[in-house]
Amino acid sequence: MTTPVTIVMIEDDEGHARLIERNIRRSGVNNEIMPFTDGTSAVNYLLGKDGSGLAHKGHALLILLDLNLPDMSGIEILRQVKENKYLKSTPVVVLTTTDDSQEIKRCYELGCNVYITKPVNYESFAHAIRQLGLFFSVIQVPPAAS
Amino acid sequence: LQILLLTAGFLVLVAVSAACVVFVNKAREDSGWVVHTVEVENQTNALLLEIRRAESAARGYLLTSGPEFLRDHEDAVAQILPDLDKLARMVGDDPVQRENIRKIRTAINTRLGQFVQEMQFVKQGEQDKATALVREAAAGDTNTTIGNVGTAMREEEARLLVLRTANADRSQTMASTVTLAGSGLVIALAGISIFLVRRESQARDAAESRLRDNNVNLEATVDERTADLREANEEIQRFAYIVSHDLRSPLVNIMGFTSELEELRDSIFQRIAALGHAVAAAAVPVVPVDAEPTLQGEDKQLSEDFTEALGFIKSSIAKMDRLISAILNLTREGKREFDPVRIDMRELIEAIVSTLAHQADEAKAEIRIAPLPDLVSDRLALEQIFSNIIDNAIKYLKPGVPGEIAIRGRTRLGFAVFEITDNGRGIDPKDHQRIFDLFRRAGTQDKPGQGIGLAHVRALVRRLGGTMSVSSELNQGSTFTITLPVHWNANNRNADS
Numbered sequence: 054m055t056t057p058v059t060i061v062m063i064e065d066d067e068g069h070a071r072l073i074e075r076n077i078r079r080s081g082v083n084n085e086i087m088p089f090t091d092g093t094s095a096v097n098y099l100l101g102k103d104g105s106g107l108a109h110k111g112h113a114l115l116i117l118l119d120l121n122l123p124d125m126s127g128i129e130i131l132r133q134v135k136e137n138k139y140l141k142s143t144p145v146v147v148l149t150t151t152d153d154s155q156e157i158k159r160c161y162e163l164g165c166n167v168y169i170t171k172p173v174n175y176e177s178f179a180h181a182i183r184q185l186g187l188f189f190s191v192i193q194v195p196p197a198a199s
Numbered sequence: 003l004q005i006l007l008l009t010a011g012f013l014v015l016v017a018v019s020a021a022c023v024v025f026v027n028k029a030r031e032d033s034g035w036v037v038h039t040v041e042v043e044n045q046t047n048a049l050l051l052e053i054r055r056a057e058s059a060a061r062g063y064l065l066t067s068g069p070e071f072l073r074d075h076e077d078a079v080a081q082i083l084p085d086l087d088k089l090a091r092m093v094g095d096d097p098v099q100r101e102n103i104r105k106i107r108t109a110i111n112t113r114l115g116q117f118v119q120e121m122q123f124v125k126q127g128e129q130d131k132a133t134a135l136v137r138e139a140a141a142g143d144t145n146t147t148i149g150n151v152g153t154a155m156r157e158e159e160a161r162l163l164v165l166r167t168a169n170a171d172r173s174q175t176m177a178s179t180v181t182l183a184g185s186g187l188v189i190a191l192a193g194i195s196i197f198l199v200r201r202e203s204q205a206r207d208a209a210e211s212r213l214r215d216n217n218v219n220l221e222a223t224v225d226e227r228t229a230d231l232r233e234a235n236e237e238i239q240r241f242a243y244i245v246s247h248d249l250r251s252p253l254v255n256i257m258g259f260t261s262e263l264e265e266l267r268d269s270i271f272q273r274i275a276a277l278g279h280a281v282a283a284a285a286v287p288v289v290p291v292d293a294e295p296t297l298q299g300e301d302k303q304l305s306e307d308f309t310e311a312l313g314f315i316k317s318s319i320a321k322m323d324r325l326i327s328a329i330l331n332l333t334r335e336g337k338r339e340f341d342p343v344r345i346d347m348r349e350l351i352e353a354i355v356s357t358l359a360h361q362a363d364e365a366k367a368e369i370r371i372a373p374l375p376d377l378v379s380d381r382l383a384l385e386q387i388f389s390n391i392i393d394n395a396i397k398y399l400k401p402g403v404p405g406e407i408a409i410r411g412r413t414r415l416g417f418a419v420f421e422i423t424d425n426g427r428g429i430d431p432k433d434h435q436r437i438f439d440l441f442r443r444a445g446t447q448d449k450p451g452q453g454i455g456l457a458h459v460r461a462l463v464r465r466l467g468g469t470m471s472v473s474s475e476l477n478q479g480s481t482f483t484i485t486l487p488v489h490w491n492a493n494n495r496n497a498d499s
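Quick mapping for you: the protein sequence lines, in order, are chains A and B. 54 is the number of the first residue of the first sequence in the working numbering; add one for each residue after it. 3 is the number of the first residue of the second sequence in the working numbering; add one for each residue after it.
Take the hints with a grain of salt, since some may be wrong.
[Claimed, not checked] Restricting the straight-line Cα-Cα distance to at most 20 Å, the calculated cross-link-like pairs of lysine to aspartate or glutamate (EDC-like) are:
| id | chain 1 | residue 1 | chain 2 | residue 2 |
| --- | --- | --- | --- | --- |
| 1 | A | K158 | B | E265 |
| 2 | B | K337 | A | D153 |
| 3 | B | K316 | A | E176 |
| 4 | B | K321 | A | E176 |
| 5 | B | K337 | A | D152 |
| 6 | B | K337 | A | E156 |
| 7 | B | K302 | B | E265 |
What the hints contain is simulated information worked out from the structure, not anything from laboratory work.
Construct all of the structure, not just a fragment, from the sequences and the given hints.
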């Protein structure tokens with residue numbers, strides 16, 4: 054990635070987080086990764102202290118989001134991000150174990166850009182994450198601005 | 003009680019009618035007696051009148067010797083005896099009057115004798131003797147006796163008249179009294195009857211309204227229980243869903259890091275091999291170094307153990323993942339909303355059979371489809387149900403025996419009953435329940451499978467408001483019976499979400 058895009062990874066399972074990070078690195082993506090293990094701290098970071106999202110004005114972010122979080126639903130975070138005028142153009146990749154079609158549909162309706170189901174089969178998992186890393190390296194991420 | 007009342011009323015009516023008839027008859031009889039008495043009196047008067055007439059005619063004849071008086075006298079005399087006989091017949095029942103008749107007959111006979119003598123004397127021209135006889139007769143007691151007896155008879159009849167009139171009156175009074183009393187009784191019985199009928203109908207109304215209340219209560223209770231069951235069912239499904247999801251998350255880690263370990267193992271053993279070779283090379287420099295470093299002896303054994311352990315972990319994880327997926331699919335099926343449409347069952351079964359044609363050919367199985375009743379139900383669910391059952395029938399045929407699979411159907415009381423019969427290996431009766439349990443299988447485990455199919459089928463059949471059962475003996479083939487409502491709608495059992 055040419056622009057200094059920060060990858061915000063919201064994932065409560067540290068093992069998953071580690072595996073994801075490892076595989077992203079293996080695909081040659083060296084951007085900064087900000088890991089969060091719960092929804093509240095992630096939302097606080099994304100929207101800033103004032104809750105407006107202004108803190109990230111001009112920064113390019115990419116959000117990796119798990120739906121099953123201990124304190125809030127990932128869908129709620131997705132909704133808040135997509136409703137925020139600074140963050141709404143930030144790409145959101147939902148990466149979760151849920152493969153329920155209703156859930157997937159809902160995420161896309163709320164404006165998620167990519168929905169990936171975590172396969173239990175590690176080869177598939179690693180492959181999916183590496184593909185995602187390749188995808189990260191080619192997509193253009195707009196800076197968070199109105 | 004009603005019948006008793008009606009019977010009583012009827013009996014009273016009969017009794018009243020009978021009494022009326024009796025009393026009316028009595029009254030008529032009494033009236034008859036009254037009339038009879040009057041007639042007797044008349045007859046008595048007529049008799050006395052004739053006697054007087056005879057006497058006065060005799061006197062007239064005595065005075066004038068006119069033949070018309072003689073004729074008149076003879077007429078009167080001729081009339082006297084028949085009149086007397088008539089009177090005697092009329093009062094034959096009355097001892098007092100009979101006595102009187104006897105007296106008057108004697109007197110009349112005496113008098114008639116005198117008349118004859120008188121006439122004799124007159125005819126012979128002995129007027130004096132005749133006159134003397136008349137005087138004697140007038141002075142004698144014969145005439146008096148006749149008069150007295152006549153009076154006595156009249157008085158007797160008058161007494162009887164009073165008596166009989168009173169009798170007749172009493173009879174009539176009795177008749178009307180009985181009629182009145184009977185009518186009163188009947189009206190009273192009718193009143194009681196009406197009262198009882200009204201009371202009974204009130205009781206029936208009360209019972210009916212109670213029954214209605216009970217029905218409403220019962221329905222409410224059933225609704226409540228159904229809602230409870232539905233809630234419990236939904237909770238179980240949510241539970242299964244959440245548990246299987248949450249189980250999956252650690253599984254991703256276990257699998258992931260196991261794979262990482264595998265890669266680590268490769269690097270570790272390569273390094274061990276390299277080190278081993280380095281040591282060996284240091285000791286024996288002539289060994290060529292371009293060859294791939296391979297493990298020797300104990301190191302090789304270690305590597306193989308490592309690989310074996312990782313293999314078990316990975317295959318177990320894969321199995322666990324399949325089981326979790328199966329549970330997830332089941333809960334997902336439980337959540338899916340049914341869409342009832344009219345289904346041509348024969349067409350549906352034929353489509354299933356054609357997709358299974360390859361397997362059927364391999365097993366040398368022949369599938370016969372009898373005429374089937376059509377349903378209004380969920381197409382996808384029915385496809386899953388029947389394809390599972392038919393697939394099982396083909397899968398578990400006896401090896402080496404040509405398969406025969408028959409699908410029959412009939413309707414009964416708003417339900418369609420389908421029977422899928424095969425001549426396959428059969429199921430031991432002790433396993434009949436077990437085969438419907440999740441992850442449980444029966445018989446020789448020589449075919450791939452998860453033990454999900456029949457559990458899934460039964461869950462679907464239940465959601466469609468039906469039942470299913472199996473009848474089978476080991477080595478005797480099996481018959482699966484599926485009963486489904488002909489017309490499924492969302493109000494049927496388990497119509498959740």
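Quick rundown of the hints versus the structure:
1. A:K158 <-> B:E265: violated, 37 Å
2. B:K337 <-> A:D153: holds, 11 Å
3. B:K316 <-> A:E176: holds, 12 Å
4. B:K321 <-> A:E176: Given that 20 Å is the threshold and the Cα spacing comes to 16 Å, the pair holds.
5. B:K337 <-> A:D152: Satisfied, since the Cα-Cα distance of roughly 14 Å is no more than 20 Å.
6. B:K337 <-> A:E156: holds, 13 Å
7. B:K302 <-> B:E265: holds, 17 Å
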